[in-house]
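**Q** Letter by letter, the chains look like this.
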Amino acid sequence: MARRVTPQWKTGMTILAWAVGFLIFFPILWTILTSFKTENDAIDPSKFLGFTWTGENYVAIQEQRNYFAFLMNSVYLSLGSTLLGLIFAIPAAWAMAFSPTKRTKDVLLWMLSTKMMPAVGALVPIYLLFVRFGLLDSRIGLIVVLFVINLPIVVWMLYTYFKEIPGEILEASRMDGANLRQELFKVLAPMAVPGIASTILLNVILAWNEAFWTLYLTTTNAAPLTAFIASFSSPQGLFYAKLSAASTLAIAPILIIGWFSQKQLVRGLTFGAVK
Amino acid sequence: MASINLKDVQKRFGDANIIPNINLDIQHGEFVVFVGPSGCGKSTLLRLIAGLEDVSGGTISIDGKDVTNVPPAGRQLAMVFQSYALYPHMTVEQNIAFPLKMAGESKETIDKKVKGAAGTLNLTDYLHRKPRELSGGQRQRVAIGRAIVRSPKGFLFDEPLSNLDAALRVNMRLEISELHAQLKTTMIYVTHDQVEAMTMADKIVVLNRGNVEQVGSPLELYENPRNLFVAGFIGSPKMNFLSGAAAEKYRANTIGVRPEHLAISKDGGELKGTAGVSEHLGSDTFVHVKLDNGEQVTARGLGDYRVSHGDPVYLTPETNRIHRFDQAGSALAA
Amino acid sequence: MASINLKDVQKRFGDANIIPNINLDIQHGEFVVFVGPSGCGKSTLLRLIAGLEDVSGGTISIDGKDVTNVPPAGRQLAMVFQSYALYPHMTVEQNIAFPLKMAGESKETIDKKVKGAAGTLNLTDYLHRKPRELSGGQRQRVAIGRAIVRSPKGFLFDEPLSNLDAALRVNMRLEISELHAQLKTTMIYVTHDQVEAMTMADKIVVLNRGNVEQVGSPLELYENPRNLFVAGFIGSPKMNFLSGAAAEKYRANTIGVRPEHLAISKDGGELKGTAGVSEHLGSDTFVHVKLDNGEQVTARGLGDYRVSHGDPVYLTPETNRIHRFDQAGSALAA
Amino acid sequence: MATTHTKSAARAMLAPSVIALFAWMIVPLVLTLYFSTLNYSLYNPIDAPFIGFENYTYFLSDPTFLESFKNTLLLVGGVLLITILGGILVALLMDQEFYGQTVVRLLVLAPFFVMPTVAALVWKNMMMNPVYGVIGYVLNSVGIGAIDWLTTAPLLSVVIIVAWQWLPFSTLILLTSLQSLAEDQKEAAEMDGAGALSIFWYITLPHMKRAITVVILIQTIFLLSVYAEIFVTTGGGPGAQSTNIPFLVANLIQQSGDVGTASAGGIVAVVLANIVAFFLVRLVGKNLEA
Amino acid sequence: QSTTLTIGTVNNNDMIVMQSLTGEFTKQHPDIQVNWVTLEENVLRQRVTTDIATKGGQFDIMTIGTYEVPIWSKQAWLSPLDNLGSDYDADDLLPPIKNALSTDGKLYAAPFYAESVMTMYRKDLLEKAGLKMPEKPTWDFIAQAAEKMTDKSAGVYGICLRGKPGWGENMAFLGNMAREFGSNYFDASWKPQFESEGWKKAVTLYVDLMTKYGPPGAASNGFNENLSLFGQGKCGMWMDATVAASFVTDPKQSQVPDKVGFAPAPCGTENCPNQGANWLWAWSLAIPASSQKKEAAEQFISWATSKAYIDLVAKEKGLSNVPPGTRQSLYKNADYLKAAPFAQQTIDSINNADPSASGDKPYVGLQFAAIPEFQGLGTAVGQQMAAALSGSATVDQALKAAQSQATREMTRAGYIK
Ligand SMILES: Nc1ncnc2c1ncn2[C@@H]1O[C@H](COP(=O)(O)OP(=O)(O)OP(=O)(O)O)[C@@H](O)[C@H]1O
Ligand SMILES: Nc1ncnc2c1ncn2[C@@H]1O[C@H](COP(=O)(O)OP(=O)(O)OP(=O)(O)O)[C@@H](O)[C@H]1O
Ligand SMILES: [Mg+2]
Ligand SMILES: [Mg+2]
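Protein chains in written order, with the working numbering: chain A, 1 to 275; chain B, 276 to 609; chain C, 610 to 943; chain D, 944 to 1233; chain E, 1234 to 1650.
Hints are supplied without guarantee of correctness; some may be wrong.
[Said to hold, decoys possible] Which stretches of chain E does chain D cover? Using the computed rule of at least three CB atoms under 8 Å from a CB of chain D, they are: (1) 1396-1402; (2) 1628-1640.
[To be verified] Listed next, the in silico DSS-like pairs over lysine-lysine satisfying Cα-Cα at most 25 Å (straight line): (3) Lys-1229/D to Lys-102/A; (4) Lys-739/C to Lys-1229/D; (5) Lys-186/A to Lys-382/B; (6) Lys-390/B to Lys-186/A; (7) Lys-1129/D to Lys-405/B; (8) Lys-105/A to Lys-1229/D; (9) Lys-739/C to Lys-1152/D; (10) Lys-47/A to Lys-1385/E; (11) Lys-1129/D to Lys-710/C; (12) Lys-710/C to Lys-1152/D; (13) Lys-1013/D to Lys-1633/E; (14) Lys-739/C to Lys-1129/D; (15) Lys-716/C to Lys-1129/D; (16) Lys-739/C to Lys-105/A; (17) Lys-1129/D to Lys-762/C; (18) Lys-186/A to Lys-428/B; (19) Lys-1485/E to Lys-47/A; (20) Lys-340/B to Lys-950/D; (21) Lys-388/B to Lys-186/A; (22) Lys-387/B to Lys-186/A; (23) Lys-1152/D to Lys-105/A; (24) Lys-102/A to Lys-739/C; (25) Lys-1152/D to Lys-102/A; (26) Lys-186/A to Lys-405/B; (27) Lys-105/A to Lys-950/D; (28) Lys-1467/E to Lys-47/A; (29) Lys-1129/D to Lys-722/C; (30) Lys-950/D to Lys-739/C; (31) Lys-10/A to Lys-1129/D; (32) Lys-282/B to Lys-950/D; (33) Lys-847/C to Lys-513/B; (34) Lys-186/A to Lys-376/B; (35) Lys-950/D to Lys-186/A.
Keep in mind that the hints were calculated from the coordinates and are not lab data. For each residue, glycine too, the CB sits at the ideal point set by N, CA and C.
Produce the complete structure using the sequences and hints provided.
**A** Structure, rendered in structure tokens:
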């Protein structure tokens, strides 16, 4: 933890890491660049940076659809379902990580197995239910759906992270008179910050990118960015640049969320807590 | 302040029967020390009392109330963990303040109490550090601090001073004794340190493989160990055991003499042997002697006692300090 | 077997200057014990030597070769961590075998050595357990086992016996001493236990706030502490310090007398006082006495020495055992 | 650790999640089971007679069914292989000290932020297209010649796209796991004479075991249901070369409106997924404990 | 009080123009508000199908095609458009289109724009090749021209055709082409015809042309991809929907706007049906029977498919950009015929297209068969065709597989007894 790395090593790693990062990021970079091209430049793969920059695609897009309405829905849906997910999953993961029984593993696997049903298979039943309860095109209905479909993942992730935390620290808090809620939110949660941060990030992304239910169960009031994108994929005529602009708009907010949560994905905190 | 009673308490981990059956009564305000070999079940017993583990059988009551199924928070005991179990995301200050916060104390009270405890524990300079930036002993002190700021019904200390230096340890010993004298709170204290056990305890419980070997005041155990195990366990360096002719002379299967009751001389005495290694502690010198009958004993001499390896020496036990044991290892009446 | 030299070694953690400047020579095959108050930098120094931390300045050499920038593996030292640092996913057996496996030993050799070490450490029954199923002392023994199975150039022990019971501790002490006698490997040993320090060390290094206060053989430190700090730190209970008239009598600012050199009597003596608490260790009794001039001192009596709280007592220091210190705290020549 | 009290608390804490998931599972499941026995077409929803297992036999006798099943396994296996191995390597790299760590980490995580549809569109049109795509352009300029990815290697193309999307996930999980490895264990291993490789093999990898297991299980679940990427890029073709089970089932309902057969297909998919999961759990499940 | 209409539509250019002009409509009808749900074609189709089939009632107006209208109107899922207003002039609609959108003489959807098929070609390249486009091109001529026009080193490919599998993608083209060689999807007893002579010839030629003279990656090229290729000047000829014409002649989207010529779709046999114009499609607006806002919805449809709307677009976006293929009056407008060089060919093609059922063709539709099973079946067959094109199967294998798959499906659906 306290050993210096040699400057050569650091330089080497810097080059390697940036190269890998660049390669992995390249398709997105290309999309962002393309979004500033004219449609004719967009289909010429030899134009990397040497093109005339234009913002016309963004203007065109905003003229067609109200980006912010979709954005706000995406924000509501992903944050809402994530919040709901955490409220349900933190206790559940705590239970399975720190009070395991013979059946814990089965329960965990069963949770995952609820995700095995192909979504289309459940489409008609769910659609009928939504019609029945008047939930179509409502944010709340969709938040609930996104919450349940991601719940197994959230539980799983938290479970793994919680498992790494020495149980004795929780015991200490019990001795210190903390009740269950305090144990969970004052002691466990802060210790698991990196894990919870990546879980939140993951869940937000999954909810943000969920493109089946969000398309089928919304029309306008609750339609998120997936619907926004669906209105830009493959229109007639050249569309790479406009598609890129729309994609950039759809990715940008979550990249920003990623940027902030990235700082939370810090080194594990348990070091030094127990012998 | 609480009385704690264990009735037929048992604990198994899977197949391993760690605590076969323990009965124990701890009175209001008593200072009880658990001693026993490593792995004998001291920490487990503490955790059972704390409510951190379920008993496999039997009942635990506090103040006469059966608490066997009461969760830890409901038992109102404070504990210092052998492994410290600090909150890694909190500073020293927050760690110590945590139980007070849980008890809903006011900010000023908390502040005052934390400052006080930190002062006692020499932690004032470290209040804003996180546990990972502390030395081993400092971490242990934080763990102690966290336990002593509250006013619980009883304290459970699991080797709380093991990583402290002698001076600090003496201080802390006095602090804890004083705390006890002040609050008259029941305390259960696990230690491997003979000095701690002897000086702090009202009552020592000697454990061995999950069984109570003997319960009594420190001097009682020192002077009248019930059996070979207790005799060998209490006192450091441990009691010398002699069998054969030397023992028969006292009509016993085995006799025990503590090093401090074995006078050493170069001129003459009851038992003859050859000096082995001498350990010079400064205050005392422990001479390891190989008796002519092949038995190995240790005798205590003065701090500046010198004897060369291989020299013949003579040892004389203080007759009235001899402990006699029968074949089964039980002590025989004096 | 290696000589280890520290030259102007410094260590800072951020702003905190933990080790201002240390020079230290450790000879081939020496057994060196580091002692010092909790938080004084012992573990840090060990980690610097091990190569687990970078020095902020200065050089470390092993066998005359500068290893300041050599990674731990290249230094070929074995270490017992204060925090144990066991591998949680490996059984006891695998934990102990790990360094041997890394050294590419054959399966049989590994097996033999692991069995051997486990026997020595009373761990044979636990070989297939994972660390989390062990008691504190058992974990510590695994950590020791992991270090001693190999044949490194030197050993670094960070409070390796702190969680063991007295009997086991004596055993382990002898085991380690024997290991040292056998292998003649350089050993650096951190401990808070006076007995360990006094009996095991060829050389004790007394640290205080990251500085070396004194280096010397155990008896040297005991008998000729260079200053008040060392005098107070070595020996338990600690040396009594007297100033004022009593000291002036010996032409010193302060004089020090160890409890064992202070004869206690109810009849008469040099210093008069009132008995306070008596601590009965069985082997000895420590009587805390409040002198008439208000100073607080401790005297050692025999194990069965009894004196009631509040009784007048008289103390007589052994004149030739008195330590004299000047105003700055440095020892004055005898 | 566990006491009756914590155990009953645990049950109470687990209950809401279990109930929510159970409801989410059982309602559609029962309805789907019911539909799967009907001759229920979206285009003729009023008249849906009971036909027993006919939907199942029809679905299972679909000539593309076996190929889809094989493709499903290949897709899952291929992506897992790439993302686990790649994820470990990238996570190790990201764990090193280098300049611009935050930025690079974000770059590496970014593909996961991209909606599957968008990712597929971008790869199809701007990367893999032999005329407009960057890959083709690069291959052309080094003289190898553009490859028509989606026609010549349709399944591989889908694997590449999906792996690109999921690599960040495994990297993220593995990186978080790497960072929770207590430093003193690595230090102890170093003291024990372990080299970088040994430390990785004996300390780091066992530590990451659970994380790897989780990545495998979670990804498998998602990969078993890959749809958008296929829909956008190859449309399952040519032939059925890149059709997987979900795509097959989805086509039934979305192209033919055949709810009955799609439901049967859904049930079959669930069963198959459970079989796959069962073997996976046998393979890696023990890492979940402890 | 005000009514809010939710309109589901595809993201094609003409619809996007319609959205941008919504303000004009709401100005005229201040009590009506309009919410647009714009989705990609496939997604929209699935979305509205689910909704209408489950009576979800999410949409007041849906954009659907000539494929859905006959099926849905038979299910009574659509409201007849009997109240489009006095000045709507339904008789001005092109007869083939109007027929295709009517069931039992009632109009169930109003055409927004319509298309048939034609040949688009590069006049300059053809000239360079020393050829001249005949008035009625044959596939023999096309093959010859494709060979001559191809110059792969310059990135010019003689012919671009749809390859992307899908009933609305490659099957639209191949269904049309098969008819140019005299074959249908099904015979009078609903037996699939994929192994008939016409299909064999058509697909063999198609694969042959595309592998020799087509662009790389043809098997994943759909309408849009070909549009880009053609606009880039990479294609010599392209047979596809007539709507493409306004893009390839638009200087903003095309690099060859004035080098494009238009000709009828080629024929493979002497007497090819409908002169080769075996394609008819109209994106149309319809009202689900479940809509509570039928009146307002009809007002909107009336506005969006009216002559006045065409004038409005002409004014705002230019005359050549008006939605084509729906109204006779547009093709009587000399200005339009001048501004849109493709107009004549478009109207001719549409007028030639006759989708109605006949003796040997039991289904409505040309490039598709208007039965519910066709989507799935057509797409599955389309996959086989793509496999043939990509070389992973021979033409015979592909057609055989197509035949057996289709037979299986039709048997199950009860068409084949
Ligand atoms: N990472 C760190 N950041 C800041 N300060 C640190 C860090 N690690 C240790 N320290 C400080 O350095 C000093 C020396 O620590 P070290 O662990 O060497 O003490 P020690 O002598 O081993 O004490 P103990 O006997 O209590 O184990 C302590 O005051 C400690 O708080
Ligand atoms: N979770 C567990 N599973 C199995 N055995 C266990 C578990 N926890 C403890 N043990 C065993 O129970 C015995 C008693 O352990 P305990 O921690 O109570 O010992 P201890 O007396 O505190 O020892 P020490 O002085 O070394 O701390 C030990 O032999 C230990 O190996
Ligand atoms: Mg213990
Ligand atoms: Mg230390």
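**Q** Look at each hint and say if it fits the structure.
**A** The hints, checked one at a time:
1. 1396-1402: As far as the region 1396-1402 of chain E goes, the hint holds, because 4 residues have Cβ atoms under 8 Å from chain D.
2. 1628-1640: As far as the region 1628-1640 of chain E goes, the hint holds, because 4 residues have Cβ atoms under 8 Å from chain D.
3. Lys-1229/D to Lys-102/A: Holds - the C-alpha atoms of Lys-102/A and Lys-1229/D are around 13 Å apart, at most 25 Å.
4. Lys-739/C to Lys-1229/D: 15 Å, holds
5. Lys-186/A to Lys-382/B: Distance of about 17 Å is within 25 Å: holds.
6. Lys-390/B to Lys-186/A: 22 Å, holds
7. Lys-1129/D to Lys-405/B: Given that 25 Å is the threshold and the Cα spacing comes to 21 Å, the pair holds.
8. Lys-105/A to Lys-1229/D: 9 Å, holds
9. Lys-739/C to Lys-1152/D: 16 Å, holds
10. Lys-47/A to Lys-1385/E: Holds, because 21 Å separates the two Cα atoms, which is no more than 25 Å.
11. Lys-1129/D to Lys-710/C: 16 Å, holds
12. Lys-710/C to Lys-1152/D: 21 Å, holds
13. Lys-1013/D to Lys-1633/E: 22 Å, holds
14. Lys-739/C to Lys-1129/D: Holds: Lys-739/C and Lys-1129/D sit about 18 Å apart, inside 25 Å.
15. Lys-716/C to Lys-1129/D: Given that 25 Å is the threshold and the Cα spacing comes to 24 Å, the pair holds.
16. Lys-739/C to Lys-105/A: 20 Å, holds
17. Lys-1129/D to Lys-762/C: Since the Cα atoms of Lys-1129/D and Lys-762/C sit roughly 20 Å apart, the hinted pair holds (cutoff 25 Å).
18. Lys-186/A to Lys-428/B: The hint holds at about 24 Å.
19. Lys-1485/E to Lys-47/A: 19 Å, holds
20. Lys-340/B to Lys-950/D: It holds: about 22 Å lies between the C-alpha atoms, which stays within 25 Å.
21. Lys-388/B to Lys-186/A: 21 Å, holds
22. Lys-387/B to Lys-186/A: 22 Å, holds
23. Lys-1152/D to Lys-105/A: 16 Å, holds
24. Lys-102/A to Lys-739/C: With a Cα-Cα distance of about 19 Å, the restraint between Lys-102/A and Lys-739/C holds, given a limit of 25 Å.
25. Lys-1152/D to Lys-102/A: Holds, because 21 Å separates the two Cα atoms, which is no more than 25 Å.
26. Lys-186/A to Lys-405/B: 16 Å, holds
27. Lys-105/A to Lys-950/D: Judged against 25 Å, a Cα distance of about 15 Å means the pair holds.
28. Lys-1467/E to Lys-47/A: Between Lys-1467/E and Lys-47/A the Cα gap is close to 18 Å, so the pair holds against 25 Å.
29. Lys-1129/D to Lys-722/C: 23 Å, holds
30. Lys-950/D to Lys-739/C: Roughly 23 Å between the alpha carbons, so the hint for Lys-950/D and Lys-739/C holds.
31. Lys-10/A to Lys-1129/D: 19 Å, holds
32. Lys-282/B to Lys-950/D: 23 Å, holds
33. Lys-847/C to Lys-513/B: Roughly 23 Å separates the two Cα atoms, so the pair holds.
34. Lys-186/A to Lys-376/B: This hinted pair holds, its Cα atoms lying about 11 Å apart.
35. Lys-950/D to Lys-186/A: Since the Cα atoms of Lys-950/D and Lys-186/A sit roughly 20 Å apart, the hinted pair holds (cutoff 25 Å).
The earlier numbered hints are all upheld by this structure, with none contradicted.
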